[in-house]
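Novice: Sequence:
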Amino acid sequence: MTLDRVAGGNDDTGGVAPGDIAAPHPAPTQQRQQQPLTTTSSSAPHPAMPTPIPPHLHPTPDLATAPDTPLRSSAPTPIANAALLSHPSRAHQFLTNPPLTLSQINPTDPFRQFNNWFRDARLPASSAPETCTLATAALPSGRVSARTLYLKELDERGWVVYSNWGSRKGKGGQVFGTVGGRDEWGWDGGRAAGDEQQRQGNRWAALTFHWQAVERQVRIEGIVESLSREESETYWRTRERGSQIGAWASQQSRVLWETEPLSESASASAPSAGVINGAENADADAAVINKHDIVDDGRSILEDRVKEMEARFADVEEIPLPPFWGGIRIVPESVEFWQGRKSRLHDRFRYVRIHGEVETGVETAKTFQWKIQRLSP
Numbered sequence: 001m002t003l004d005r006v007a008g009g010n011d012d013t014g015g016v017a018p019g020d021i022a023a024p025h026p027a028p029t030q031q032r033q034q035q036p037l038t039t040t041s042s043s044a045p046h047p048a049m050p051t052p053i054p055p056h057l058h059p060t061p062d063l064a065t066a067p068d069t070p071l072r073s074s075a076p077t078p079i080a081n082a083a084l085l086s087h088p089s090r091a092h093q094f095l096t097n098p099p100l101t102l103s104q105i106n107p108t109d110p111f112r113q114f115n116n117w118f119r120d121a122r123l124p125a126s127s128a129p130e131t132c133t134l135a136t137a138a139l140p141s142g143r144v145s146a147r148t149l150y151l152k153e154l155d156e157r158g159w160v161v162y163s164n165w166g167s168r169k170g171k172g173g174q175v176f177g178t179v180g181g182r183d184e185w186g187w188d189g190g191r192a193a194g195d196e197q198q199r200q201g202n203r204w205a206a207l208t209f210h211w212q213a214v215e216r217q218v219r220i221e222g223i224v225e226s227l228s229r230e231e232s233e234t235y236w237r238t239r240e241r242g243s244q245i246g247a248w249a250s251q252q253s254r255v256l257w258e259t260e261p262l263s264e265s266a267s268a269s270a271p272s273a274g275v276i277n278g279a280e281n282a283d284a285d286a287a288v289i290n291k292h293d294i295v296d297d298g299r300s301i302l303e304d305r306v307k308e309m310e311a312r313f314a315d316v317e318e319i320p321l322p323p324f325w326g327g328i329r330i331v332p333e334s335v336e337f338w339q340g341r342k343s344r345l346h347d348r349f350r351y352v353r354i355h356g357e358v359e360t361g362v363e364t365a366k367t368f369q370w371k372i373q374r375l376s377p
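Numbering (the UniProt record's numbering), first residue to last: 1 to 377.
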């Protein structure tokens, strides 16, 4: 049973594809702010005058309300403390939410709790709440990498995302291992795979959602499992043709072009990016660049691949799913719900999965057992 689908739900609002979002990000609700305190100017400041705040910390002045003199701070005094507390350079304070208590979260099911937060009316579609960060780690080195993806489905076993998994040097190798020999995406196959951990991969992953508008965050940690080809094809057929061509064309994470470090003398004599782009000239035509002097940075290789794939599938009505592309599901072992609170005393509740003595490996949310913990901020 599917608990919720991010795109194309049954509600009246319908689904919004990330690539189709064109609406501007809405301005957050304005909150009452203290007016910064100022000191009166004088031609000869007293030696005991507070030390001025550095210029780079000054806010951009509003011509209508700009103070005559900058804010100042010194050793703790009521006036100095008040000025610092109201200064825009001060760290963000979490003031949106009331206390989050155990009675306000689902007592048995983090899937439904996630759906409640995801469907919060304060999260407009234009903010792309389905945006998440997937983190994986290579073994045995432990080197971590992260990338931004879009959640496509929350099903009966976990959180589903799609990507290119072909590179054994990238996330594909981190998650699924280097077993299988040479592949066409740049793994040279000549270096011994080495440690058995590296060969088998590391199925542990973390998925994080951050919703700044409501000062909330959800952190999922769990095991990665591949979707079946049939499941991946179902989503693949919803992608527009250009995206399908792009998926075939991109040998993901393969180096298209690189440069060696420049010496100090060469770097000093080379034109800056601003000069090349005309940013330092009042007239863009003033920056005359010989196009033959500009080295191709590798983009043409990608564009040639796109043309190659367009020709390959020119007479094909439905472009097939690439063997290196598909969906994964993060089956949760823990799910944490974080809500910002004043004075950094945030509310954190974590669901921790309790495994039974006998499990088949195909259990669903209906049979998952959870304990709930409140964590210290």
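These aren't lab readings, by the way, just hints derived from the structure by calculation.
Treat the hints with care, since some could be wrong.
[What the hints assert, rightly or not] Calculated lysine-lysine pairs in the DSBU-like style (CA-CA distance at most 30 Å, straight line):
1) 366 x 152
2) 307 x 342
3) 152 x 371
4) 152 x 307
[Unchecked claim] Just the calculated beta-carbon pair ranges, DEER-fashion:
5) 126 x 98: 45 to 55 Å
6) 246 x 296: 32 to 42 Å
7) 308 x 98: 50 to 60 Å
8) 257 x 373: 27 to 37 Å
9) 141 x 355: 27 to 37 Å
10) 361 x 295: 26 to 36 Å
11) 142 x 101: 20 to 30 Å
12) 355 x 314: 45 to 55 Å
13) 300 x 102: 17 to 27 Å
14) 99 x 306: 20 to 30 Å
15) 307 x 366: 26 to 36 Å
16) 230 x 355: 27 to 37 Å
17) 308 x 366: 27 to 37 Å
18) 78 x 128: 22 to 32 Å
Computed from a predicted structure; not experimentally measured.
Note that beta-carbon positions come from the ideal geometry of N, C-alpha and C, so glycine has one too.
Novice: Broken hints, numbered, in rising order?
Specialist: Those not satisfied are hints 2, 5, 6, 8, 10, 11, 13, 14, 15, 17, 18.
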